[in-house]
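Peer 1: Sequence:
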Amino acid sequence: MTLSIGSTAPDFTAQTTQGNIHFHDWMGDSWAILFSHPKAFTPVCTTELGYMAGLGEEFAKRNTKIIGLSVDSSQDNRDWLPDIEEVSGNKVDYPVVGDSDLQVAKLYNMLPADEAGNADGRTAADNATVRAVYIIGPDKKIRAMLLYPMSSGRNFDEVLRLLDSVQLTERKGVATPVNWQKGDDVIIPPSLSDEDAKAKYPDGWDEKKPYLRVIQEPID
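In this text, residue positions in the sequence shown follow the numbering used here: the first is 743, and each later residue adds one.
Hints in this document: simulated from the structure, not taken from any laboratory. Note that CB positions come from ideal geometry on N, CA and C, so glycine has one too. Check the hints yourself; a few may be wrong.
[Said to hold, decoys possible] No more than 25 Å apart at the CA atoms, straight line, and that leaves these computed lysine-lysine pairs for DSS-like:
{"no.": "1", "residue 1": "K951", "residue 2": "K924"}
{"no.": "2", "residue 1": "K924", "residue 2": "K940"}
{"no.": "3", "residue 1": "K803", "residue 2": "K951"}
{"no.": "4", "residue 1": "K833", "residue 2": "K848"}
{"no.": "5", "residue 1": "K833", "residue 2": "K883"}
{"no.": "6", "residue 1": "K940", "residue 2": "K950"}
{"no.": "7", "residue 1": "K940", "residue 2": "K883"}
{"no.": "8", "residue 1": "K833", "residue 2": "K807"}
{"no.": "9", "residue 1": "K883", "residue 2": "K950"}
{"no.": "10", "residue 1": "K803", "residue 2": "K883"}
{"no.": "11", "residue 1": "K914", "residue 2": "K940"}
{"no.": "12", "residue 1": "K882", "residue 2": "K803"}
{"no.": "13", "residue 1": "K807", "residue 2": "K914"}
{"no.": "14", "residue 1": "K940", "residue 2": "K951"}
{"no.": "15", "residue 1": "K883", "residue 2": "K924"}
{"no.": "16", "residue 1": "K803", "residue 2": "K848"}
{"no.": "17", "residue 1": "K807", "residue 2": "K924"}
{"no.": "18", "residue 1": "K914", "residue 2": "K942"}
{"no.": "19", "residue 1": "K914", "residue 2": "K882"}
{"no.": "20", "residue 1": "K883", "residue 2": "K807"}
{"no.": "21", "residue 1": "K833", "residue 2": "K803"}
{"no.": "22", "residue 1": "K848", "residue 2": "K883"}
{"no.": "23", "residue 1": "K924", "residue 2": "K942"}
[Unchecked claim] Ranges between beta-carbon positions, derived for each pair:
{"no.": "24", "residue 1": "E900", "residue 2": "K848", "range": "37 to 43 Å"}
{"no.": "25", "residue 1": "P944", "residue 2": "E827", "range": "50 to 56 Å"}
{"no.": "26", "residue 1": "D856", "residue 2": "A917", "range": "38 to 44 Å"}
Starting from the given sequences, assemble the full structure and let the hints guide the process.
Peer 2: Below is the structure:
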């Protein structure tokens, strides 16, 4: 099954650095960020997992759980955690899936479904496509997907910004413009007629173009 925005995030049961989890049950009513790595003890990923750990409180404020994945055993991942903490200064307190049988990587289209074997003997280069970020809503639908090459570190501040945008647009029925940050102006979607927009936003809007109507970010 090919995954896209709006697809149901595949459910799975797997061993993690914090024990066995059933993914959808683990999510509960929360949002989730699932981000994957080709292998334990890889340099770029070491910096990424540590930085993500430093953002843990920010994601928690947004009712969002973090879960990593590495194509290795859970024990390999547990052995990796002290290095991550030493390098970043942040303790990894979220689970990291040990995808030693390639099950989750295949479910999420990061490796071909007919890929043979397991993590044993595979190098990071063999798993180079296991470099994805998925933002998943409480309904278990994928809201956003980001793919990165193995040599380029991910920008998790951007993931946080994207999560803010997705949550705001769902909550308030607006859209966000280029480079939007929390507190910036937002866009009234074209799907909302001027008549309905007047009822919803009686103070009016700044009309850049008939299809581009800008308002202040609605406050909860």
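Peer 1: Is K940 close enough to K951, meaning Cα to Cα at most 25 Å?
Peer 2: Holds: K940 and K951 sit about 16 Å apart, inside 25 Å.
Peer 1: CA of K940 to CA of K883, is that 25 Å or under?
Peer 2: violated (31 Å)
Peer 1: Hint check: K883 vs K924, CA-CA at most 25 Å. Holds or violated?
Peer 2: Since the Cα atoms of K883 and K924 sit roughly 23 Å apart, the hinted pair holds (cutoff 25 Å).
Peer 1: K882 and K803 were given as a pair; does the straight-line alpha-carbon distance stay at or below 25 Å?
Peer 2: holds (19 Å)
Peer 1: Straight-line Cα separation of K807 and K924 no greater than 25 Å?
Peer 2: holds (20 Å)
Peer 1: Quick one, are K924 and K940 close enough, alpha carbons at most 25 Å?
Peer 2: holds (24 Å)
Peer 1: Does K951 lie within 25 Å of K803 when you go C-alpha to C-alpha?
Peer 2: Violated. K803 to K951 sits at ~36 Å, over the 25 Å cutoff.
Peer 1: Under the criterion that the straight-line Cα-Cα distance not exceed 25 Å, is the pair K803, K848 satisfied?
Peer 2: Distance of about 31 Å is beyond 25 Å: violated.
Peer 1: Check whether the Cα positions of K833 and K848 lie no farther apart than 25 Å.
Peer 2: Not OK: K833 and K848 at ~29 Å, beyond 25 Å, violated.
Peer 1: For a C-alpha distance cap of 25 Å, please report whether K924 and K942 respect it.
Peer 2: The given pair, whose Cα atoms are some 21 Å apart, holds under the 25 Å limit.
Peer 1: Assuming the hint says 50 to 56 Å, is it satisfied by the Cβ distance from P944 to E827 or not?
Peer 2: holds (52 Å)
Peer 1: Checking one constraint from the list: CA of K883 to CA of K807, max 25 Å. Satisfied?
Peer 2: holds (15 Å)
Hints 3, 4, 5, 7, 9, 16, 24 from the list above are not met by this structure, while the remaining hints are.
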